[in-house]
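Peer 1: With the hints as your guide, set chain B onto chain A.
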Amino acid sequence: MKRLFAVCLTAAAAMLGTSTVSAEILISTAGPMTGQYASFGEQMKRGAEMAVRDINAKGGVLGQKLELTIGDDACDPKQAVAVANKFVSQGVQFVAGHFCSGSSIPASKVYSEENVLQISPASTNPKLTDEGDANVFRVCGRDDQQGIVAGEFLATKYGSKKIAILHDKTAYGKGLADETKKALNGAGISEAMYEAYTAGEKDYSALVSKMKQAGVDVFYLGGYHTEAGLMIRQAREQSYNVQLVSGDALVTDEFWKITGNSGAGTLMTFSPDPRKNPNAAPVVKKFRDTGYEPEGYTLYTYGAIQAWAQAAERAGTTNTQRVIRALRAGQFDTVLGKIGFDNKGDVTAPGYVWYEWKGGTYDYVSN
Amino acid sequence: MGYLLQQLINGITLGMIYGLIAIGYTMVYGIIGMINFAHGELFMIAAFISIISFLVLGLAGIGWVPVALLIVLAATMLLTSVYGWALERVAYRPLRHSPRLAALITAIGMSIFLQNYVQLLQGARIKPLQPVISGGFQFFTDGKFTVTLSYLQILIAVLTVALMLVFTWVINRTALGRSQRACQQDLKMASLVGVNVDRTISLTFVIGASLASVAGLMFLLLYGVIDFFIGFLAGIKAFTAAVLGGIGSIPGAMLGGLLIGLIEALWSAYFTVEYKDVAAFSILVLVLVFRPTGLLGKPDIEKV
Chain A
1 MKRLFAVCLT
11 AAAAMLGTST
21 VSAEILISTA
31 GPMTGQYASF
41 GEQMKRGAEM
51 AVRDINAKGG
61 VLGQKLELTI
71 GDDACDPKQA
81 VAVANKFVSQ
91 GVQFVAGHFC
101 SGSSIPASKV
111 YSEENVLQIS
121 PASTNPKLTD
131 EGDANVFRVC
141 GRDDQQGIVA
151 GEFLATKYGS
161 KKIAILHDKT
171 AYGKGLADET
181 KKALNGAGIS
191 EAMYEAYTAG
201 EKDYSALVSK
211 MKQAGVDVFY
221 LGGYHTEAGL
231 MIRQAREQSY
241 NVQLVSGDAL
251 VTDEFWKITG
261 NSGAGTLMTF
271 SPDPRKNPNA
281 APVVKKFRDT
291 GYEPEGYTLY
301 TYGAIQAWAQ
311 AAERAGTTNT
321 QRVIRALRAG
331 QFDTVLGKIG
341 FDNKGDVTAP
351 GYVWYEWKGG
361 TYDYVSN
Chain B
1001 MGYLLQQLIN
1011 GITLGMIYGL
1021 IAIGYTMVYG
1031 IIGMINFAHG
1041 ELFMIAAFIS
1051 IISFLVLGLA
1061 GIGWVPVALL
1071 IVLAATMLLT
1081 SVYGWALERV
1091 AYRPLRHSPR
1101 LAALITAIGM
1111 SIFLQNYVQL
1121 LQGARIKPLQ
1131 PVISGGFQFF
1141 TDGKFTVTLS
1151 YLQILIAVLT
1161 VALMLVFTWV
1171 INRTALGRSQ
1181 RACQQDLKMA
1191 SLVGVNVDRT
1201 ISLTFVIGAS
1211 LASVAGLMFL
1221 LLYGVIDFFI
1231 GFLAGIKAFT
1241 AAVLGGIGSI
1251 PGAMLGGLLI
1261 GLIEALWSAY
1271 FTVEYKDVAA
1281 FSILVLVLVF
1291 RPTGLLGKPD
1301 IEKV
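Chains as they are written, first to last, in the numbering used here: chain A, 1 to 367; chain B, 1001 to 1304.
Bound conformation, chain A alone (with noise of 0.2 Å):
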């Protein structure tokens, strides 16, 4: 028995070995690859495979080739932790990730404490990076941004009407509906119901019966799309004739395949799309080409990756605390147009811009 556990010890110790002296520099991408959220996992890996592949065939970074490995936090926070710790013990560099708010503050103390880099394509809630450490970066938005797009909006559009406001209890849900209720309070208008609900949920016909005999005209919902179409359904059912307005939770086309028709007409912040970028229309040509339309997050997934590459070059090393610096000081070209970070670590890009949903698909809101 003791021989076993010996002989164990040796081959855990091996493959330890191989995985820390390879010449090849290990990064990864972390999200919700299972669950419900499934779909945004999928837009992550899909744009970190392909900006690995084509960055290996350029020749890699500092001549080294690049190797992706994908973890699964499935949005819950206790598992977002065990992926940054086992990415730590892979000897990742640098991650890409996490999707979820809700993941990506609690893995970003892991990463700091080991000293990894971590750029979230998706993570909007703004302690991410006020709260986060120096290695902390993002490439979209934040709440209190799109926040204040969106209650400045409501307000000016249906200042007279009345609004809801709900949430779903998450980093990401309730950040987003306090960002947007404190700048809708702030124009003078005051909502006339503020709800919480739970996610995972699929029976929501009796919070919609409620803001139908409310009167509800509009409602915000900060959370994500699953729930957000089962409530537009089954308001429809009920046919009643509600406004949604959303944020970036709603960019994956199964919000349509929930909601089908009944899905039209719903509006939702999202920064530029990239997909309109003229920098990326080689990229988006290959995604399409197999057959995948790259989508939400599938960009700011590449892009991430790519402005990591790019501060390595510059830095000519993959230490975390010279890219960290070759990050603050520069400017990047990448599919998300030429971009660069402040001093907490958020992106300079423009902010966000109003989408609506029509046919299946969404595109920036026709005025």
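Be aware that one or more of the hints could be misleading.
[Claimed, not checked] With a straight-line cut-off of 30 Å between C-alpha atoms, the simulated BS3-like cross-links for lysine-lysine are:
#, chain 1, residue 1, chain 2, residue 2
1, B, 1127, A, 169
2, A, 45, A, 86
3, B, 1127, A, 157
Keep in mind the hints are simulated off the structure, nothing from the lab. Fair warning: this is a prediction, and the values are worked out from it, not measured in the lab.
Peer 2: Frame of chain A; chain B shown alone:
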């Protein structure tokens, strides 16, 4: 008034689905005294079988809704029953005479196994189905609130009541029902007087699974979105319903299901939605404090 009526409709619809699942828990407990925690997964598997059947029928070009529904219902009941039977045969029968804890852990294990099995086979992403039956009645317009009762909700109510009637008849009037009641009273004695205990228990699982399969189909039609995890939440709620109604009592399971559905809807209607589960479980605790065997449960008589 219209609002209250609408919330009652919402609550009863949800409650009927909980009730149909709860019967499966309560029946198995009544006969072999174990909680079949994998029962919620049978409901989930039924929803997947239903969605696959709808897709196959769509490909085959059978579009007339009543026929399509009947075929899907039959296919789902049949296949889910096979799952229910296999579950008992593979996982529970070998442990029939081992301590109760072993059977309980096996049930939890089977629940995790079935969840992962569906996740691996069907993927982790949600599976949407476009509405099969749409439209409904609108009535009771009191100025601003119009009550909507969809055809689907009527169908669910009719189907549930019909199933309950058939089921009550089976339990009270048939040979199978008689053996089930005998097993419920005393498993060993029943086998001594010639009841085929193994067969009765197998059939109990089959009946429980087919009721859960109807619930799965109704859930799919009603909400149009399923994933591999729906069995967990529905299972917990249905188990709560079974305990509330008195575990072991079949009318109790249906009553418990309706109550849980109504409490959730009415609490959401007049108080904050955030605490609806707190409300449902608080009422469960209160009922158990005053009636430890649930609303319709019979107290255990100590045999001396």
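Peer 1: The structure should be examined with respect to each hint, and the outcome stated for every one.
Peer 2: The hints, checked one at a time:
Proposed proximity of residue 1127 of chain B and residue 169 of chain A is supported: the alpha carbons are some 24 Å apart, at most 30 Å. Annotation: proposed proximity of residue 45 of chain A to residue 86 of chain A holds, straight-line Cα distance about 18 Å (limit 30 Å). Of the pairs offered as hints, the one joining residue 1127 of chain B and residue 157 of chain A is violated, with about 35 Å between alpha carbons and a cut-off of 30 Å exceeded.
Checked against the numbered hints listed earlier, the structure breaks hint 3 alone; every other hint is satisfied.
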